[in-house]
Amino acid sequence: MDVLYFAWVRERIGLPRERVETGAATVADLVSELSAREDRYAAAFADLSALRVALDQELSDFDAPLAGVREVAFFPPMTGG
Amino acid sequence: MDVLYFAWVRERIGLPRERVETGAATVADLVSELSAREDRYAAAFADLSALRVALDQELSDFDAPLAGVREVAFFPPMTGG
Amino acid sequence: MRIAVQTDPFDLGEEANAFAAGVTAAGAVVTFTGVVRDLAQGGLRAMEIEHYPGMTEKAITSIAERAAERWSLSDVLVIHRHGQLRPGETIMMVATAAPHRKHAFEAAEYLMDYLKSRAPFWKKEIAADGSEWVAAKVEDEDALDRW
Amino acid sequence: MRIAVQTDPFDLGEEANAFAAGVTAAGAVVTFTGVVRDLAQGGLRAMEIEHYPGMTEKAITSIAERAAERWSLSDVLVIHRHGQLRPGETIMMVATAAPHRKHAFEAAEYLMDYLKSRAPFWKKEIAADGSEWVAAKVEDEDALDRW
Chain F
25 MDVLYFAWVR ERIGLPRERV ETGAATVADL VSELSAREDR YAAAFADLSA
75 LRVALDQELS DFDAPLAGVR EVAFFPPMTG G
Chain R
25 MDVLYFAWVR ERIGLPRERV ETGAATVADL VSELSAREDR YAAAFADLSA
75 LRVALDQELS DFDAPLAGVR EVAFFPPMTG G
Chain G
28 MRIAVQTDPF DLGEEANAFA AGVTAAGAVV TFTGVVRDLA QGGLRAMEIE
78 HYPGMTEKAI TSIAERAAER WSLSDVLVIH RHGQLRPGET IMMVATAAPH
128 RKHAFEAAEY LMDYLKSRAP FWKKEIAADG SEWVAAKVED EDALDRW
Chain X
28 MRIAVQTDPF DLGEEANAFA AGVTAAGAVV TFTGVVRDLA QGGLRAMEIE
78 HYPGMTEKAI TSIAERAAER WSLSDVLVIH RHGQLRPGET IMMVATAAPH
128 RKHAFEAAEY LMDYLKSRAP FWKKEIAADG SEWVAAKVED EDALDRW
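Residue numbers (my numbering), protein chains in the order written: chain F, 25 to 105; chain R, 25 to 105; chain G, 28 to 174; chain X, 28 to 174.
No lab work stands behind these hints, which were simulated from the structure alone. Being a predicted model, the structure only gives us computed values, none of them experimental. Some hints could be false.
What the hints assert, rightly or not - Label pairs and their computed distance ranges (CB to CB):
| id | chain 1 | residue 1 | chain 2 | residue 2 | range |
| --- | --- | --- | --- | --- | --- |
| 1 | X | Ser158 | F | Thr50 | 51 to 59 Å |
| 2 | X | Arg93 | G | Trp174 | 25 to 33 Å |
| 3 | G | Arg97 | X | Ala45 | 50 to 58 Å |
| 4 | R | Asp80 | F | Leu83 | 22 to 30 Å |
| 5 | F | Ala88 | R | Leu83 | 58 to 66 Å |
| 6 | F | Thr46 | X | Arg93 | 48 to 56 Å |
| 7 | G | Trp174 | F | Thr46 | 36 to 44 Å |
| 8 | R | Asp26 | G | Trp174 | 30 to 38 Å |
| 9 | X | Gly70 | F | Leu72 | 50 to 58 Å |
| 10 | X | Asp172 | G | Leu171 | 46 to 54 Å |
| 11 | F | Arg36 | X | Arg72 | 17 to 25 Å |
| 12 | G | Glu96 | X | Gly115 | 37 to 45 Å |
| 13 | X | Arg173 | R | Glu35 | 53 to 61 Å |
To be verified - Stretch by stretch, here's where chain R covers chain G in the computed footprint (C-beta under 8 Å, at least three residues):
| id | region |
| --- | --- |
| 14 | 30-41 |
| 15 | 97-108 |
Glycine included, each C-beta is placed from N, C-alpha and C at the ideal position.
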C-alpha cells in the first residue's frame, strides 16, 4: 500500500510517501512495524495522540482495519482556514 | 418643540414633522395632547406598544420627561439591516 | 471605522477589497451583505427604505463603537442605503476585522442584530397590488438578548 | 457550490461580487476571509501551507455539502490556497448565501470551524530565526462541539 506523510511527520521521516508491503491488520500494527524499522519512524510515531491517520483519504482511527485499504496517510492535527 | 413622524405613523398623521407648542411634562402627556386634537392623531397613537419614541435622536420611553427636549420623534419598531 | 448612510448603490467587491487592504494586521475579515429579495414571489417592484437623518448616523456610530470596544476590532465598516431599491440590489453591508475569526464573526452578527432593531430605518414593500410596511419580527428583537 | 484549492492568489472583491450576483434570491450573503498575519511581530517572512491533494478537495466538498443541507443555503463558495504566502496575503475565503442572516452566519462559522480542524492543511511559519509548524489549538477542536 501507499503510505503518505505530511507536515512534521514528513520532515521527521524524511520522505513524503513510500510503497510499503505489509500484512498489518490494523493501523496500529502498521505503526508498530514502521517504528521497528528505524529511529526516524519511531521518533515520528512516538506520541500517537499527536497524530491523525487517513485511510483512502478519509479520517480514521489507529485501531481501524487495513483490509482493502490502498492509501494510508499520517499527519499532525490539521491547521487549515 | 419639533415633533417628527416616520413610516406608517407619518402616513397616518399625514405629515413628516411639525412644530408643537406644549407644556406636556412627559412623552405620554404629549401623546394625550396630540391624540385629543384630531382622529388621525388618535388613530396613530391608539396602540403605544406598536410605537417607539426618540428624544433628541436617542431612543427613549413614553414616561420620559420632556424638559429641555427640542426634538421628539414617533415611529414604529425599526426594520433596518 | 467608516459609517455611510446613502441613497447611492455601492460595490460590495470594491468595498470588501478596500476594507481588507486596510487591516492586514488582522487575520479575519467578515462581511455581511443584505440584498433585496422578492418576498412576494415575483410581485415585488421595489423596497422603499425610510430613515431618520441625523439619528441614523448617530445610532449606527454608537452601535459600531460598542462592537469595536467589545471585540477589539481592527476596523469596522457599515454602509446602509435608503430610498427606493429594486429586487437584487444591495441594501447594506457590514465588515469587521479582528485577529481571531470568532471575534470577527460575533462582532458582525452583533452589528446586524442592532442595525436590524435599533437603527432608525423602516422598510416598505411596493408590490403590483399595493404597498406594505415591513413589520418588525419578534425574533429580531429577541436576537438582542444574546448580547 | 464552488470549491477551489489553488496556489494562485484570488481577488476577494471579484469573488464576493460574482458570488452575490449569482444568489439574488437570497437576502443574506456572508463572507469570511483569512489573511496571513505577522504573528511573530515583524519576524514572519512567509506562511507555507501544505495540503493533501485529493483528500483536501473531498474533505472540503463534504463539509460544504453538510452545511448546504443543514441550513438550506442558496450557494456556498470555498477557496483555499496552499504554497508559500507572504504576510498580508489572503489565505482563503468562504461565502454563504441564505434567505435569513442567521443561517448565512451560522453556515459560514460552521464551514470555518470544520475547515480549520478537518481539512488536511498544515501551516508552517517561516521567520528570520527559523521556521515552525503551527500547532492546532484546543479551542479550535472544541469549536466543533457546537455543531
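Item to check | Hint check for Leu72 (chain F) and Gly70 (chain X) - Cβ pair distance inside 50 to 58 Å | outcome: violated (33 Å)
Item to check | Outcome of range test on Cβ distance (Asp80 (chain R), Leu83 (chain F); 22 to 30 Å) | outcome: Violated, at about 59 Å.
Next on the checklist: For the hint 37 to 45 Å, verify it against the beta carbon of Glu96 (chain G) and that of Gly115 (chain X).
Outcome noted: The hinted range 37 to 45 Å is violated for Glu96 (chain G) and Gly115 (chain X), with Cβ atoms some 26 Å apart.
Item to check | Range hint 50 to 58 Å (beta carbons of Arg97 (chain G) and Ala45 (chain X)) holds or violated | outcome: Since the Cβ atoms of Arg97 (chain G) and Ala45 (chain X) sit about 33 Å apart, the hinted range of 50 to 58 Å is violated.
Item to check | 25 to 33 Å as the expected CB spacing between Trp174 (chain G) and Arg93 (chain X), which holds or is violated | outcome: Given range 25 to 33 Å: holds, Cβ gap about 28 Å.
Next on the checklist: Between the beta carbons of Arg36 (chain F) and Arg72 (chain X), is the distance compatible with 17 to 25 Å?
Outcome noted: This hint holds: roughly 23 Å between Cβ atoms.
Next on the checklist: A range of 48 to 56 Å was offered for this pair. Does it hold for the Cβ distance of Thr46 (chain F) and Arg93 (chain X)?
Outcome noted: With Cβ atoms ~34 Å apart, the hint is violated.
Checklist entry - Does 30 to 38 Å hold as the CB distance between Asp26 (chain R) and Trp174 (chain G), or does it fail? => result holds (32 Å)
Item to check | Coverage of the region 97-108 of chain G by chain R, judged on three or more residues with CB within 8 Å | outcome: With 1 residues close enough to chain R, the hint is violated.
Item to check | Satisfaction of the hinted span 58 to 66 Å by the C-beta atoms belonging to Ala88 (chain F) and Leu83 (chain R) | outcome: Holds, since Ala88 (chain F) and Leu83 (chain R) (Cβ atoms, about 59 Å apart) stay within the stated range.
Checklist entry - That 46 to 54 Å hint for Asp172 (chain X) and Leu171 (chain G) (C-beta), does it hold up? => result Taking Cβ atoms as reference, Asp172 (chain X) and Leu171 (chain G) lie about 26 Å apart, which means the hint is violated.
Next on the checklist: Taking 51 to 59 Å as the stated bounds, is the beta-carbon spacing between Ser158 (chain X) and Thr50 (chain F) within them?
Outcome noted: Check failed, 34 Å falls outside 51 to 59 Å.
Of the numbered hints given earlier, the model fails hints 1, 3, 4, 6, 7, 9, 10, 12, 13, 14, 15; all others are met.
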